[in-house]
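Each chain, written out:
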Amino acid sequence: MLAFVVRRLLVALSVAFTVSVVSFMLLHLSGDLATSIAGPEATAEQVEDIRKQFGLDQPIVMQYLHWLWDALHFDFGRSYYFQDTVMGLIGERLPITLTLGGIALAVATLIAIPLGVLAAIKQDTWIDRLALLIAVIGQAMPSFWFGLALIVIFAVNLHWLPAGGNATWQHFILPAIALGYYATPAMMRLTRTGMLEVLGSDYIRTARAKGLNERTVIFKHALRNAVIPVVALMAVELGFMLGGSVVIESVFSLKGLGQLAWDAIARNDYPVVQAVVLIIAVFYIALTFLADVINAMLDPRLRVR
Amino acid sequence: MSVLLDVKNLQVDLPTANGMLHAVRGIDFQVNRGEMLCIVGESGCGKSMTSMALMGLLPKRAQCTAERMAFDGTDLLTLSKKERNQIRGMRMSMIFQEPMTSLNPSYTLGNQLCEGILKHKKISRSEARERAIYLLERAGVPYAAERLEQYPHQLSGGLRQRVMIAMALMCEPDLIIADEPTTALDVTIQAQILRLIRELQQEFGTAVIFITHDLGVVARIADWVAVMYAGQVVETASARQLFSSPVHPYTQGLLNCIPVPGRTAPGSHLQAIPGVVPSLVGELQGCAFRNRCDRASTECTRSQPQLISVDGGQHQVRCPVMTQQWQEAV
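In order, the protein sequence lines correspond to chains V and S.
Quick note: the first sequence uses my numbering, first residue 21, plus one each step.
Quick note: the second sequence uses my numbering, first residue 165, plus one each step.
Hints are computed from structural coordinates only; laboratory data are not their basis.
Check each hint, because a few of them may be wrong.
[What the hints assert, rightly or not] Quick list of in silico lysine to any residue cross-link-like pairs, SDA-like style, CA-CA up to 20 Å:
1) S:K245 <-> S:T229
2) V:K72 <-> V:M45
3) V:K72 <-> V:D90
4) S:K224 <-> V:T236
5) S:K224 <-> V:I141
6) S:K224 <-> V:K72
7) V:K240 <-> S:S270
8) V:K72 <-> V:T55
9) S:K283 <-> S:L319
10) V:K240 <-> S:K246
Construct the complete structure from the given sequences, taking the supplied hints into account.
Following this line, the structure appears as structure tokens:
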């Protein structure tokens, strides 16, 4: 198991390194940075000044190493647009996004897995059809629309929960439901399919032949094996929620990482874009690593690979 | 010897897109305590469905009826799910055909060996482990104690089948149903597993229903034999009677298929029964075997033959033509 973890960790680190190179290079591929920072009105001298000031005249490898060294010390430089360090901006936004993503994933898991198990056990009954309907609606309904519907119902009409902002934990409930519901269908379907496959397997027949009660058969013998692909999907979904929650964040006026990235891209605020890309990628890698470790704990066969 | 399992007119039907598939068409048999009954037949003759019906492991859509399915005097069909679970695994257990997939990949062997007995009997965890180690050793698994911490993927197919056998014996059942337990194994391992099942059966006095398509296996281990064809028992007899004087054309055909050293001429073609098994969807008209039988006459198409005794005793055959011939010859 330890060897497995070390191996996976090495893979994760090499992926992180690759991502850092790519995120660094992407911006340099998008044109001459000095010119775009200086703006269309700038003279050639001003552009040269900016090039020197930001170290853009050095060889690209040096620029990368310099940037990486600073990044490892959580120094991503200053934002071109906001009067703040990049780290300061991210430090402000990241907790909001993490809170939102975490609650959303919890919501999605708590709906998707029980519903998927139930749909599989009650295959081809009305419960199964209802679960499928919920999944189809979830997949078909745009998340911003669902978010707005939640605001109209629970904030505007019922006054149960606030409509936007991030002052208290209650502010996170509606956006987390909107975001979590979006991730539910894929997880639910995967749980259902996995359960159906496992319930038809020979070892479930063995478990039944032992005279175990249905609860043990389903929760001990079936679910553990069925949930393995779902764990991997959860990591992907959470990664997606961290990076792609920009729509939900703007609907609920949450100033999270997604919105920061959106603003930064719109304003050519390169240090911020680089930092956000890198941080989201590192989270993604960490989540994948975590999912691998959880799966190895669930299934001993994965430990040897 | 007392009767442990008494089955009368067992039928298993499966609805399919083309109509009702009658997988088991009214079979009767009895198993005495401590005896080995072999059910022989080719693929699709209903032998596996019979074993699943006995264990209550039929697929949900299957319909199972029987006049009687009494296990030690208790009618299995009238039991509630909970009562059935108390017998299943505890007093009757099963060894399956596919040792590679019949163990849960995510739990240790110790966990899987012990969970049944921990559920059924008042026994401590360490006592259960001791019994598991003892039975693994008896089943020929080396390093039994260490194996308890291992996972199925760390064992070969032969070893996994030995684990399955040990698992089936954990609760000291009265009856073990072994559904082609050696089919998925290579030949040398097959022979070892057969010997093991026979030895353990005699040592523990367990009754065994052994399901196979291999008459060679039957000859080695059976006390009683039931030959199945198209969902029916076509001949049943003690192993000695069946091999010395097979009566049903199907049984004779099966025996002719086996080359015998010394008797089968070198270089001669191996025998085979021509034709294919009839479709089990819908009702059968007349004798199910008549299309493949070289002695079939118009009489065979008219009515369904019944199982009748050929020797006035327990050797029964579902073929009036051959029964008459046999009796005249005697």
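Provide an ascending list of the numbers of those earlier hints which the structure does not satisfy. Violated hints: 6, 9; rest satisfied.
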